[in-house]
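2 protein chains.
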Amino acid sequence: MAKAPILTPRADDFPRWYQDVLNKAELAENGPVRGTMVIRPYAYALWERMVAEVDARIKAAGADNAYFPLFIPESYLQREAEHVEGFSPELAVVTHGGGKQLEEPVVVRPTSETVIGEYMAKWVQSYRDLPLLLNQWANVVRWELRPRMFLRTSEFLWQEGHTAHVSEEDARVYAERILHDVYEDFMVNVLAIPVLTGRKIPEERFAGATNTLTCEAMMGDGKALQMGTSHELGQNFARAFDIAFSDETGERALAWTTSWGVSTRMMGGLIMAHGDDAGLVVPPRLAATQVVVLVVRDEDGTVTPAAQQMVDELAAVGVRAKLDAHTATAFGRRATNWELKGVPVRIEVGPRDLAEGRVVVVRRDVGEKVPTDLSAVVATVPGLLEDQQSALLAAATARRDSLTVECSTLDEAAEAAAHGFGQIAWDKVGADGIERLGRDAVTVRCLRTPEGGLPASDDAPGTLAIVARSY
Amino acid sequence: MAKAPILTPRADDFPRWYQDVLNKAELAENGPVRGTMVIRPYAYALWERMVAEVDARIKAAGADNAYFPLFIPESYLQREAEHVEGFSPELAVVTHGGGKQLEEPVVVRPTSETVIGEYMAKWVQSYRDLPLLLNQWANVVRWELRPRMFLRTSEFLWQEGHTAHVSEEDARVYAERILHDVYEDFMVNVLAIPVLTGRKIPEERFAGATNTLTCEAMMGDGKALQMGTSHELGQNFARAFDIAFSDETGERALAWTTSWGVSTRMMGGLIMAHGDDAGLVVPPRLAATQVVVLVVRDEDGTVTPAAQQMVDELAAVGVRAKLDAHTATAFGRRATNWELKGVPVRIEVGPRDLAEGRVVVVRRDVGEKVPTDLSAVVATVPGLLEDQQSALLAAATARRDSLTVECSTLDEAAEAAAHGFGQIAWDKVGADGIERLGRDAVTVRCLRTPEGGLPASDDAPGTLAIVARSY
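Quick mapping for you: the protein sequence lines, in order, are chains A and B. Mapping of the first sequence onto this note's numbering: residues -14 to 456, in sequence order. Mapping of the second sequence onto this note's numbering: residues -14 to 456, in sequence order.
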């Protein structure tokens, strides 16, 4: 009788497979308050790696980290009409503090344009104070009616960048720089997820933005996931909070602001973009543990020191390696567990291997057990990791391309979106088309130029729409 | 006429000096909701350095980072009687979410023993699952009636460690390990603050703890600041949340837990421990910017490239260096500003200096301008930084020791605490003594053995009490 699979096969029930991975790989659990979640150590270590990589890119783009309060006066949100309309249904409201009812209720930040706008107004006086480039790593709260771990939770962790500029052009250039140099670069080159960058249609914009740029990824089931967004806010928040400066001629002018964010939602994207029926697959550049050295068994106590030495030698060449010498637990169970957790390379070391001067090396994506000379293994691993990184990106790109269909009618586009992405001329969609697609739960994920660039406006001629079902 | 000082002199009004430093060095501002604060980029960069240093030590102590929800059901807190009594007056309560009144109000975490206890109970089954060593970096909220930036704010940032062990002894050893190897080591060797470690008296324990260990520092005005605490929680939370395991004989037993934390309060300690009348003084090992290379002026455009080269060469030898070539702003103002911000070493480069093959090097603590050969400067700086690190610790230790008085009566102890710390035999204090000292706003900061160790109990013979006024 065949052993029951640990995970529901993706082809049988993708959402259940996702839930199984979260559970069996010990990534996350539901929190006690509906919609909240607990991020367990293995997943949190991946999030820390995401933070480190994104943070370095944000700093390279010139922004400074700061921290603004969790609590925002309700009145702040009301100053920007579209913003309050967009976020009101999702707010958590604190009405009591220190045992007393508060005079003015405060909201738990759903995002921080308003409170940061208030301080930008204080800190900006002259054009010399611009651009003002800020970022914060924080938790935010948006009450979710249909929560799903990592993808849509009532509390999530993210970074939110907020910048102010002297001109619309400067703001646009910076919002695009973040989209490409921070988000796209990180997602493609670290997460190995070939995101499509594009412009959101007006209906899908951030509440208060004049333009929202997005990174859209294809998941293992062909659906789209919005992985990160960068917004031009025009002068909407500058007007609401009076972020004004005296320009070079001494005239007073309103600043142009942007905001941009990525969140723990990327963890969901990571799982669903690369995961297979054996579990998570973590791209080597992201992995907190790139290599696990497994002691198969160790009756005479000689295997563990040899395995530890290998871990030390790997660390010395810059590989994030870890020892698993828990021989009290069956080897097969441990091997399956590391596979579930998606560690890129597994090195199995047993007494017989050592006697024969070799070990078994297994790449997570390929799965094949490759006997390798003990003397060659440390030199081999960095190349294996880079090969796997490239292979994951190539496989995800090939899958995305094979599941993206050029369409000439809305029916074709809806059909394409049943399995992947449809690409259709934007002028063939329009309000009626959006409604037609919506009947099949298909939405316009983004607009792109034929060359894959960002359209300059919502109605630039030749613009293509990418349509899909989405998370 | 002498120029008015930028900061209120410490001797005139220490609290106002503190406020001036926060303001003029652009460290922090009050948030819009009473008791909250905005941490500005320069201060946040220091906090990031604190986080990196403390986090590395926590990981070395074997704990894994994770993340638990901001929102905790009110009922969780009520399960541990002392805990709910201690925290109830400080809670922020969310009563509305997603536009509706919640069925059960949720509190914004003031600390996370309860919610983490709930999950520890799920994750611990056998003695093999112990110790369970968790930590999280998070924001917490405790409504403050008398807020003071960094020292007591309604929202603050911290790490909170939570561990479960098979025995009381294991829990005790781990709580002490965190106190010494993580907190004391970081505070002494990075912050250059010679903290006293000791045991809190029962009245000052964490709500729900059986023993609270503390790091107490002396500030520039002789007052004490509690910089970090590590708690033995006995089986109080294990009982409330059923954190139980089957031991080696198969018997069911309750775990023993600990919790421990340091927060953005350390920023207040940093400012008040080392700051002088010219501003903040940042110890080199902590500094996000260790050296600033200032272009004095640059009419012919040759000075800035030379200064940039120096920055690059310093970076190449591992020094965190930064260029200030904002020659549109007066040199004196910029020099004063870097002094205010406490950057450890300032290197001033002007055209005449360059022509003469030298620059001016200024150590923040000493203040003297030392002409240094251009060819020698990069090789000199690392030593200067280490010297300054040692000098700051030595100065803080000498000041603490000179302001610590051995006392034989409560009156002497109260008198000593008017200027610094009093040390008195604990058996001379007792309930009456606590009341007597309290009349002068003096409290017992901690109990220590005569050798400076941790007393094994509240009434161990020979125990000494450190008494002081405190923040």
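Please keep in mind that the hints were generated in silico from the structure rather than gathered at the bench. There could be a bad hint or two in this list.
Copies of the same chain look alike in the list, so a pair counts if it fits in one copy or across any two.
[As the list claims (entries may be wrong)] Below are the SDA-like pairs computed for lysine to any residue, each with C-alpha atoms no more than 25 Å apart in a straight line:
| id | residue 1 | residue 2 |
| --- | --- | --- |
| 1 | Lys44 | Leu308 |
| 2 | Lys85 | Glu11 |
| 3 | Lys85 | Ala229 |
| 4 | Lys107 | Asp358 |
| 5 | Lys44 | Ala123 |
| 6 | Lys413 | Glu33 |
A quick look at each hint next to the structure:
In this assembly of identical chains, Lys44 and Leu308 lie within 25 Å of each other by CA distance solely across copies; the values are 16 Å between and 34 Å within a copy. Within a single copy, Lys85 and Glu11 get their C-alpha atoms no closer than 40 Å, and across copies no closer than 33 Å, so neither meets the 25 Å cut-off. With identical chains, the CA atoms of Lys85 and Ala229 are never at most 25 Å apart, being 37 Å at best within one copy and 37 Å at best between copies. When the C-alpha separation of Lys107 and Asp358 is checked against a cutoff of 25 Å, the pair qualifies neither within a copy, at 64 Å, nor between copies, at 43 Å.
Within a single copy, Lys44 and Ala123 get their C-alpha atoms as close as 16 Å, and across copies as close as 22 Å, so both meet the 25 Å cut-off. Taking CA atoms no more than 25 Å apart as the test, Lys413 paired with Glu33 passes in neither setting, with 43 Å inside one copy and 50 Å between copies.
Going through the hint list in order, the structure does not satisfy hints 2, 3, 4, 6.
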